[in-house]
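K.L.:
What the sequence shown shows, in my numbering, is residues 31 to 346, in sequence order.
List of simulated lysine-lysine pairs, DSBU-like, C-alpha gap at most 35 angstroms: (1) LYS158 with LYS240; (2) LYS157 with LYS279; (3) LYS282 with LYS270; (4) LYS228 with LYS298; (5) LYS298 with LYS282; (6) LYS231 with LYS303; (7) LYS228 with LYS158; (8) LYS228 with LYS282; (9) LYS303 with LYS279; (10) LYS157 with LYS231; (11) LYS142 with LYS157; (12) LYS181 with LYS158; (13) LYS270 with LYS240; (14) LYS228 with LYS303; (15) LYS231 with LYS158.
Everything labelled a hint here was simulated from the structure, so no lab data went into it.
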Amino acid sequence: MHGRAAYNRLSNSTFESRVAGLVLAMFATMATIYVASRLWQDAESRTYLVKELDKRTMQNYSVVSVDETLKLIACREQQMRLSAIEMDLAAARQEGFVSGYLSQNDTQHSKKRHLAVIGIITTFGRKKNRDAIREAWMSTGAALRELQDNKGIVVRFVIGRSANHGDSFDTEIDSENSQTNDFIILDDHVEAPEELAKKMKSFFVHAVEKWDAEFYTKVNDDVYVNIDALGAALSSHLDKPRVYIGCMKSGKVFSEPTHRWYEPDWWKFGDGKWYFRYASGDLYTISRALAQYISINRCLLVFFPFVCLCCSIYTT
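Construct all of the structure, not just a fragment, from the sequences and the given hints.
P.N.:
Next comes the structure, spelled out in structure tokens:
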């Protein structure tokens with residue numbers, strides 16, 4: 031009895047061991063199949079991705095040598111440097127800072143540059159002054175065109191519009207201009223004594239955009255100019271890119287709020303309280319580069335009360 035029972039236990043144990051081995055073999059086989067299938071899928075995915083990458087980067091499985099790579103990098107660096115130089119040159123031309131050689135080449139392919147544009151600042155009710163200037167030194171008609179063509183000097187009266195746009199003041203100026211054709215009419219500027227500096231800014235902006243000249247001059251309509259002497263004086267400064275010519279002066283900065291020319295920003299001028307040196311408003315000249323600077327930075331210009339009385343412009 032005991033021998034038979036021992037035999038039965040041994041048979042059961044062997045059977046269980048075989049079943050367990052078979053189960054493990056099945057799991058191992060399934061795991062092997064699963065891993066193999068995943069690796070196959072990953073391989074296919076990698077192949078597909080490589081092909082797509084090659085298509086998008088236009089690489090045809092070519093091998094690039096180290097020397098070729100260095101040459102390619104050097105070419106890209108040179109291209110970047112050339113682009114930067116071209117940008118700097120464009121900015122310099124816009125500011126008016128170009129070499130004499132470039133200036134000569136530019137003038138060969140563009141209109142002749144004038145020597146000066148003279149703006150005679152006038153206002154309503156001063157036709158007698160304008161007629162006197164036309165007879166004395168400005169000329170009219172063909173003589174005015176000859177002055178511009180032969181001597182390179184453009185002369186125009188500068189005036190804005192009436193606060194009541196289209197009234198009798200504007201009509202009179204339009205009628206006078208139709209006969210003489212010697213006005214710069216600033217349609218976006220309203221004539222007012224306290225707006226003289228802004229009028230000057232508008233004149234420079236308009237003149238720079240309309241005429242290419244070496245100098246831009248402001249003169250009042252009660253000043254008589256010797257055109258030949260002015261032309262000779264300006265010609266002597268052609269070698270200077272940034273010129274500000276006039277009767278230079280200064281003025282006290284008034285910090286008392288009750289004063290007529292009270293300066294709200296008086297503290298910016300230090301303990302001395304004197305304005306920077308500027309040209310008297312009767313007549314002054316600025317060079318092409320400075321006029322372009324005013325045009326480009328028109329929105330950044332700051333006007334001071336006493337200096338505005340003399341029709342000068344400052345920047346921060």
